[in-house]
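For the sequence shown, my numbering puts the final residue at 271, and the numbers step up evenly by one.
Derived from the structure by calculation, the hints contain no laboratory data.
A couple of the hints might just be wrong.
[What the hints assert, rightly or not] Restraint ranges, calculated between C-beta atoms of paired labels, are given here:
no.	residue 1	residue 2	range
1	Gly160	Ala48	22 to 30 angstroms
2	Glu247	Ile212	28 to 36 angstroms
3	Thr233	Asp255	50 to 58 angstroms
From the three backbone atoms N, C-alpha and C, an ideal C-beta is built for every residue, glycine too.
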Amino acid sequence: MPNTTRALSAAQIEQFVTDGFVRIDDAFPAGLAGECRRILWADTGCDPDDPATWTKPVIRLGEYAQPPFAAAASTPVLHAAFDQLVGAGRWSPRGGLGTFPIRFPSADDPGDAGWHIDVSFGWEEHPTDFLSWRANVVSKGRALLMLFIFSEVGEDDAPTRIRAGSHLDIARQLAPAGEAGLSLRELAADNFAGSAHRPETLAIGIPGTVYLCHPFLVHAAQPHRGTRPRFMAQPPLLPREPLRLERSDGSYSPVELAIRLALGR
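Using the sequences and the hints given, assemble the complete structure.
Below, the structure written as C-alpha coordinates:
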(Lines of atoms letter the chains of each structure in order from A and count residues from 1; the text may use other names and numbers.)
(Lines give C-alpha, C1' and ligand atoms only; values in the text may rest on other atoms or scores of the structure.)
Protein backbone atom coordinates (compact mmCIF):
# COMPACT_ATOMS: atom_id res chain seq x y z
CA MET A 1 0.00 0.00 0.00
CA PRO A 2 1.50 3.40 -0.92
CA ASN A 3 2.91 5.55 1.89
CA THR A 4 0.64 8.58 2.19
CA THR A 5 2.70 10.30 4.94
CA ARG A 6 4.27 13.61 3.90
CA ALA A 7 7.49 14.33 5.79
CA LEU A 8 8.85 17.29 3.83
CA SER A 9 7.28 20.50 2.61
CA ALA A 10 7.81 21.85 -0.90
CA ALA A 11 10.21 24.44 0.57
CA GLN A 12 12.27 21.73 2.26
CA ILE A 13 12.50 19.76 -0.96
CA GLU A 14 13.63 22.89 -2.79
CA GLN A 15 16.23 23.43 -0.06
CA PHE A 16 17.48 19.88 -0.55
CA VAL A 17 17.93 20.46 -4.29
CA THR A 18 19.77 23.77 -3.87
CA ASP A 19 21.64 23.29 -0.57
CA GLY A 20 22.07 19.52 -0.65
CA PHE A 21 20.53 18.66 2.71
CA VAL A 22 17.42 18.90 4.84
CA ARG A 23 17.04 18.58 8.60
CA ILE A 24 14.17 16.55 10.08
CA ASP A 25 13.44 17.11 13.76
CA ASP A 26 11.89 14.23 15.75
CA ALA A 27 12.66 11.81 12.92
CA PHE A 28 12.83 9.05 15.53
CA PRO A 29 11.90 9.03 19.24
CA ALA A 30 14.38 10.38 21.79
CA GLY A 31 13.64 7.30 23.91
CA LEU A 32 15.04 5.08 21.16
CA ALA A 33 18.15 7.24 21.07
CA GLY A 34 18.65 6.59 24.77
CA GLU A 35 18.32 2.84 24.32
CA CYS A 36 20.88 2.94 21.52
CA ARG A 37 23.31 5.03 23.57
CA ARG A 38 23.26 2.48 26.39
CA ILE A 39 24.26 -0.27 23.96
CA LEU A 40 26.94 1.90 22.38
CA TRP A 41 28.42 3.00 25.71
CA ALA A 42 28.90 -0.64 26.68
CA ASP A 43 30.75 -1.31 23.44
CA THR A 44 33.08 1.69 23.80
CA GLY A 45 34.62 0.17 26.93
CA CYS A 46 34.33 3.59 28.56
CA ASP A 47 32.45 4.64 31.69
CA PRO A 48 29.80 7.28 30.88
CA ASP A 49 30.26 8.75 34.37
CA ASP A 50 34.07 8.84 34.39
CA PRO A 51 35.73 11.19 31.87
CA ALA A 52 39.10 9.73 32.86
CA THR A 53 38.14 6.67 30.78
CA TRP A 54 37.54 8.80 27.66
CA THR A 55 41.10 8.49 26.43
CA LYS A 56 40.60 8.68 22.66
CA PRO A 57 39.17 11.54 20.58
CA VAL A 58 37.08 9.11 18.53
CA ILE A 59 36.01 5.47 18.78
CA ARG A 60 34.43 3.87 15.71
CA LEU A 61 31.84 1.18 16.19
CA GLY A 62 30.44 -1.02 13.42
CA GLU A 63 27.01 -1.96 12.12
CA TYR A 64 24.16 -2.15 14.64
CA ALA A 65 20.90 -3.95 13.83
CA GLN A 66 19.44 -4.55 17.30
CA PRO A 67 15.74 -3.62 17.59
CA PRO A 68 16.19 -0.02 18.78
CA PHE A 69 18.60 0.76 15.94
CA ALA A 70 16.36 -0.89 13.35
CA ALA A 71 13.38 1.05 14.69
CA ALA A 72 15.26 4.38 14.57
CA ALA A 73 16.20 3.75 10.94
CA SER A 74 12.71 2.92 9.75
CA THR A 75 10.17 5.35 11.16
CA PRO A 76 7.21 6.34 8.96
CA VAL A 77 8.44 9.92 8.70
CA LEU A 78 11.83 8.78 7.42
CA HIS A 79 10.33 6.35 4.92
CA ALA A 80 8.08 9.13 3.67
CA ALA A 81 11.07 11.45 3.29
CA PHE A 82 12.99 8.76 1.37
CA ASP A 83 10.04 8.46 -0.99
CA GLN A 84 9.98 12.22 -1.50
CA LEU A 85 13.74 12.63 -2.05
CA VAL A 86 14.70 9.39 -3.84
CA GLY A 87 11.37 8.18 -5.23
CA ALA A 88 8.88 5.57 -4.07
CA GLY A 89 10.22 2.09 -4.80
CA ARG A 90 13.69 3.40 -5.67
CA TRP A 91 15.42 2.83 -2.31
CA SER A 92 16.10 -0.15 -0.05
CA PRO A 93 14.92 -0.13 3.58
CA ARG A 94 17.61 -0.27 6.23
CA GLY A 95 17.58 -3.02 8.83
CA GLY A 96 19.91 -1.06 11.09
CA LEU A 97 22.45 1.73 11.11
CA GLY A 98 26.00 2.07 9.82
CA THR A 99 29.23 3.15 11.46
CA PHE A 100 29.06 5.17 14.68
CA PRO A 101 32.02 7.54 15.13
CA ILE A 102 31.71 8.30 18.85
CA ARG A 103 33.54 11.59 19.48
CA PHE A 104 34.87 12.45 22.92
CA PRO A 105 35.97 15.83 24.31
CA SER A 106 39.68 16.02 23.55
CA ALA A 107 42.49 18.43 22.74
CA ASP A 108 43.97 15.82 20.40
CA ASP A 109 43.51 15.87 16.63
CA PRO A 110 41.01 13.09 15.76
CA GLY A 111 42.90 12.51 12.49
CA ASP A 112 39.77 12.33 10.34
CA ALA A 113 38.59 15.94 10.10
CA GLY A 114 39.29 16.61 6.42
CA TRP A 115 36.69 17.68 3.86
CA HIS A 116 35.34 14.79 1.78
CA ILE A 117 32.34 13.12 0.23
CA ASP A 118 31.30 9.56 1.05
CA VAL A 119 32.29 7.49 -1.97
CA SER A 120 30.15 4.51 -2.81
CA PHE A 121 31.89 1.79 -4.85
CA GLY A 122 35.30 0.31 -5.62
CA TRP A 123 36.11 -1.35 -2.30
CA GLU A 124 35.83 -4.79 -3.86
CA GLU A 125 38.91 -4.04 -5.99
CA HIS A 126 40.78 -2.11 -3.29
CA PRO A 127 39.48 -3.29 0.11
CA THR A 128 42.31 -1.71 2.13
CA ASP A 129 42.87 1.52 0.17
CA PHE A 130 39.83 3.70 0.86
CA LEU A 131 41.31 6.56 -1.17
CA SER A 132 40.81 4.35 -4.24
CA TRP A 133 37.07 4.01 -3.58
CA ARG A 134 34.95 5.90 -6.07
CA ALA A 135 31.86 7.94 -6.87
CA ASN A 136 30.30 8.69 -10.24
CA VAL A 137 27.83 11.22 -11.55
CA VAL A 138 24.83 8.90 -11.04
CA SER A 139 25.98 8.09 -7.48
CA LYS A 140 26.37 4.37 -8.03
CA GLY A 141 25.61 2.53 -4.79
CA ARG A 142 24.31 5.45 -2.74
CA ALA A 143 21.00 7.31 -2.79
CA LEU A 144 21.52 9.51 0.29
CA LEU A 145 24.05 10.30 2.99
CA MET A 146 22.30 10.40 6.37
CA LEU A 147 23.34 11.80 9.74
CA PHE A 148 21.41 10.33 12.69
CA ILE A 149 21.92 12.25 15.95
CA PHE A 150 21.70 10.16 19.14
CA SER A 151 22.96 12.71 21.70
CA GLU A 152 22.52 16.43 22.10
CA VAL A 153 24.86 18.12 19.63
CA GLY A 154 25.61 21.82 19.95
CA GLU A 155 28.26 23.94 18.28
CA ASP A 156 31.02 22.70 20.62
CA ASP A 157 30.07 19.01 20.42
CA ALA A 158 31.89 18.11 17.19
CA PRO A 159 28.92 18.67 14.84
CA THR A 160 29.53 17.60 11.26
CA ARG A 161 30.46 20.58 9.10
CA ILE A 162 28.51 20.87 5.85
CA ARG A 163 29.28 22.99 2.80
CA ALA A 164 25.80 23.99 1.65
CA GLY A 165 25.45 23.66 -2.12
CA SER A 166 28.72 21.74 -2.54
CA HIS A 167 26.88 18.77 -4.08
CA LEU A 168 26.48 20.89 -7.23
CA ASP A 169 30.25 21.42 -7.47
CA ILE A 170 30.92 17.69 -7.06
CA ALA A 171 28.34 16.76 -9.70
CA ARG A 172 30.10 19.02 -12.20
CA GLN A 173 33.46 17.53 -11.21
CA LEU A 174 32.22 13.96 -11.67
CA ALA A 175 30.32 14.43 -14.93
CA PRO A 176 33.31 14.32 -17.34
CA ALA A 177 34.49 11.03 -15.78
CA GLY A 178 31.33 9.20 -16.83
CA GLU A 179 30.39 5.81 -15.42
CA ALA A 180 33.90 5.08 -14.11
CA GLY A 181 33.77 8.17 -11.91
CA LEU A 182 36.64 9.42 -9.77
CA SER A 183 38.42 7.99 -6.75
CA LEU A 184 38.43 9.79 -3.44
CA ARG A 185 42.14 10.39 -4.03
CA GLU A 186 41.33 12.22 -7.28
CA LEU A 187 38.41 14.12 -5.78
CA ALA A 188 40.52 15.25 -2.81
CA ALA A 189 43.60 16.21 -4.82
CA ASP A 190 42.92 19.91 -4.23
CA ASN A 191 41.42 19.41 -0.75
CA PHE A 192 37.96 20.07 -2.22
CA ALA A 193 38.90 23.64 -3.07
CA GLY A 194 36.13 23.75 -5.67
CA SER A 195 33.56 24.01 -2.87
CA ALA A 196 35.55 26.23 -0.49
CA HIS A 197 33.40 29.23 -1.42
CA ARG A 198 30.27 27.55 -0.10
CA PRO A 199 28.74 28.64 3.23
CA GLU A 200 29.36 26.29 6.13
CA THR A 201 26.53 24.82 8.19
CA LEU A 202 26.79 22.73 11.36
CA ALA A 203 24.71 19.58 11.82
CA ILE A 204 23.45 20.35 15.31
CA GLY A 205 20.34 18.96 16.98
CA ILE A 206 18.83 16.97 19.80
CA PRO A 207 18.46 13.17 19.92
CA GLY A 208 16.09 12.08 17.17
CA THR A 209 17.28 14.67 14.64
CA VAL A 210 18.26 13.38 11.19
CA TYR A 211 19.97 15.21 8.35
CA LEU A 212 19.22 13.75 4.93
CA CYS A 213 21.98 14.78 2.54
CA HIS A 214 22.65 14.53 -1.16
CA PRO A 215 25.29 11.83 -1.72
CA PHE A 216 27.67 14.43 -3.23
CA LEU A 217 27.55 16.82 -0.26
CA VAL A 218 31.02 17.87 0.94
CA HIS A 219 31.30 17.55 4.71
CA ALA A 220 33.87 17.14 7.48
CA ALA A 221 34.28 16.06 11.06
CA GLN A 222 35.93 18.31 13.65
CA PRO A 223 37.47 18.06 17.14
CA HIS A 224 35.14 17.89 20.12
CA ARG A 225 35.38 21.00 22.34
CA GLY A 226 32.34 20.29 24.52
CA THR A 227 31.90 18.26 27.69
CA ARG A 228 29.82 15.19 26.76
CA PRO A 229 30.55 12.58 24.05
CA ARG A 230 28.73 12.87 20.75
CA PHE A 231 26.82 9.87 19.40
CA MET A 232 25.93 9.91 15.71
CA ALA A 233 25.46 7.38 12.91
CA GLN A 234 26.19 8.12 9.27
CA PRO A 235 24.60 5.33 7.21
CA PRO A 236 23.94 5.47 3.49
CA LEU A 237 20.52 4.95 2.01
CA LEU A 238 21.06 2.36 -0.70
CA PRO A 239 19.30 2.61 -4.06
CA ARG A 240 17.03 -0.15 -5.26
CA GLU A 241 17.61 0.99 -8.85
CA PRO A 242 20.24 3.27 -10.40
CA LEU A 243 19.70 7.03 -10.50
CA ARG A 244 18.82 8.30 -13.96
CA LEU A 245 19.58 11.71 -15.36
CA GLU A 246 17.36 11.17 -18.40
CA ARG A 247 13.80 9.93 -17.89
CA SER A 248 11.27 9.88 -20.71
CA ASP A 249 8.41 10.55 -18.29
CA GLY A 250 10.25 13.37 -16.47
CA SER A 251 9.70 11.74 -13.06
CA TYR A 252 12.98 12.89 -11.60
CA SER A 253 13.63 12.60 -7.89
CA PRO A 254 15.07 15.61 -6.04
CA VAL A 255 18.40 13.75 -5.86
CA GLU A 256 18.40 13.53 -9.66
CA LEU A 257 17.07 17.06 -10.10
CA ALA A 258 19.98 18.45 -8.11
CA ILE A 259 22.48 16.72 -10.40
CA ARG A 260 20.60 17.92 -13.47
CA LEU A 261 20.61 21.46 -12.03
CA ALA A 262 24.38 21.29 -11.57
CA LEU A 263 24.84 20.15 -15.18
CA GLY A 264 22.50 22.80 -16.62
CA ARG A 265 19.87 20.31 -17.78
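How the hints compare with the structure:
no., hint, result
1, Gly160 with Ala48: 22 to 30 angstroms, "holds, 25 angstroms"
2, Glu247 with Ile212: 28 to 36 angstroms, "holds, 34 angstroms"
3, Thr233 with Asp255: 50 to 58 angstroms, "holds, 53 angstroms"
No hint from the list above goes unmet by this structure.
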